[in-house]
Amino acid sequence: KTSVLIRDGVIEDINRDLNGGDMIIAGKGKVLMPGLINTHTHISMSLLRGYAEDLPLDRWLKEKVWPIERKLTEKLCYVGALLGCLEMIRTGTTCLVDMYYHAGAIAKAVKKAGLRGFIGQGLIDTVSDDRTSDESLRESFLTAAYKTVKIIQELNDSKIKPIVAPHAPYTCSDELLMKSQVMAEEFDTLIHIHLTETRREQAMFQRNYGYSVVEYLDRIGFLNGKVLAAHCVWLTRRDIELLARRCVKISHCPISNMKLGVGGVSPIPELVESGVLITLGTDGPASNNTLDMFETMKIAALLQKHNRWDPSVINAQQILDMATVNASGSLGLGKIVGRVEKGFEADLILVDIRSPSLQPIHSSDSLIANLVYAAKGLSVDTLLVQGKPLMLKGVFQTLDEEEVYGLVEEALEELDIKPSSNS
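In the numbering used here, the protein residues as written are 437 to 859.
The set of hints was computed from the structure by calculation and includes no laboratory data.
Note that beta-carbon positions come from the ideal geometry of N, C-alpha and C, so glycine has one too.
Some hints could be false.
To be verified - Straight-line distance between alpha carbons at most 30 Å, and here's what the computed DSBU-like set of lysine-lysine pairs gives: (1) K498 / K583; (2) K437 / K466; (3) K662 / K695; (4) K812 / K548; (5) K741 / K695; (6) K466 / K829; (7) K824 / K437; (8) K548 / K829; (9) K829 / K812; (10) K778 / K548; (11) K829 / K464; (12) K500 / K437; (13) K466 / K741; (14) K586 / K824; (15) K741 / K812; (16) K498 / K812; (17) K511 / K741; (18) K778 / K437; (19) K511 / K586; (20) K466 / K771; (21) K466 / K778; (22) K695 / K437.
What the hints assert, rightly or not - For each label pair, taking beta carbons as the anchor points, the in silico distance ranges come out as: (23) S710 / K498: 48 to 56 Å; (24) D801 / T509: 47 to 55 Å; (25) E448 / A639: 49 to 57 Å; (26) L848 / W502: 13 to 21 Å; (27) S572 / T509: 39 to 47 Å; (28) W502 / G700: 19 to 27 Å.
Between the sequences and the hints, there should be enough to build the whole structure, so can you do that?
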């Protein structure tokens, strides 16, 4: 039974004897913890939830996702992002890393919701196996990326930062990858990229260049401490050594990897042993199909235990750290958010533990285990970002839930998705 004093968005004191305040949020029967950080997602794809199902990644992208994405407008991406923000607030996420089209519109939705976000325009300039570059496509995407940075700067919100987001090594030429590095240096931002999500990607690079994807990226000078790589499923021991040496951070997305049947399991124990900082991501709502980070924490743990035939290979505290302190560290926020400590900004959630599935609590270790293995996103009662309530006792404070649902219905009419097999 401890009180937390928040002033100007920062935790000023943690004490048993605090009294008063302009606003008092009762925490009886609840646990106060850091807000969860989703380090890889595409929240506008909330509009595509349930649309492209039960397909392998290559067909999922080429036959379903990429064709429908050609219909997306700024307005549609904004509406999809609002729906994504609504879900994240409801399920305990206070910060996200997002790469997608019309990223400026996504940043505006994140600002409206009040969340913390790292937002980037996805960059692509090739879709062929030999990675032949389309110069006009590259320049078009780079122009959109610079526009996104300008929009985010004009939002004048310290919680929202631009990132540079080359989609993947198999959709970006060397020139685009290195221009991404130049842009990241120019604006002092992170670089976010999909990496070795499938065995096919590894085979392509081995066939074309005689190197693994990670080895190739290292040879062209792409890998460094600014890179946050999503997935990293198909890795060799040499790849792991290179990622560790270059201080690359990883966003592990177990649910989308399993759902899309990528066939492998990210070697998290070896990565951790090598000193690579591991964080967690949901991926997009079209491949997960939720943005619930509590669900992702549980699956991340169970997948490693099952795959290694070893229940001790990873523990609940390690998983919780991946969704909080590891994630904040990967984003350069390690001394700002991710902990309930004096001097940290108040990105916090209250989890209602007066629930049959979260009782009893035998000890502090038991509490951590319950949060990772038994809690659901819907267990979250209240969510704050920089001390501002975005949800209070289950009621949204910054977004009108019914208004968002209405906008989603209008967006679906505009998208005009036709029923088909595997849809």
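Here's how the hints hold up against the structure:
1. K498 / K583: Status holds; Cα separation ~27 Å.
2. K437 / K466: With Cα atoms ~10 Å apart, K437 and K466 stay inside 30 Å; holds.
3. K662 / K695: Roughly 29 Å between the alpha carbons, so the hint for K662 and K695 holds.
4. K812 / K548: holds (25 Å)
5. K741 / K695: Given that 30 Å is the threshold and the Cα spacing comes to 18 Å, the pair holds.
6. K466 / K829: holds (11 Å)
7. K824 / K437: The hint holds at about 22 Å.
8. K548 / K829: holds (20 Å)
9. K829 / K812: OK: K829 and K812 at ~16 Å, within 30 Å.
10. K778 / K548: holds (27 Å)
11. K829 / K464: holds (12 Å)
12. K500 / K437: Distance ~51 Å between K500 and K437 Cα, so the pair is violated.
13. K466 / K741: holds (29 Å)
14. K586 / K824: Holds, because 26 Å separates the two Cα atoms, which is no more than 30 Å.
15. K741 / K812: holds (20 Å)
16. K498 / K812: Status violated; Cα separation ~33 Å.
17. K511 / K741: violated (42 Å)
18. K778 / K437: holds (17 Å)
19. K511 / K586: holds (18 Å)
20. K466 / K771: holds (25 Å)
21. K466 / K778: holds (20 Å)
22. K695 / K437: At roughly 41 Å apart (the allowed maximum being 30 Å), K437 and K695 break the hint.
23. S710 / K498: 48 to 56 Å: violated (34 Å)
24. D801 / T509: 47 to 55 Å: Holds: the Cβ-Cβ distance is about 49 Å, inside 47 to 55 Å.
25. E448 / A639: 49 to 57 Å: holds (55 Å)
26. L848 / W502: 13 to 21 Å: Given about 19 Å between the Cβ atoms, the range holds.
27. S572 / T509: 39 to 47 Å: Because 21 Å falls outside the window, the suggested range is violated.
28. W502 / G700: 19 to 27 Å: holds (23 Å)
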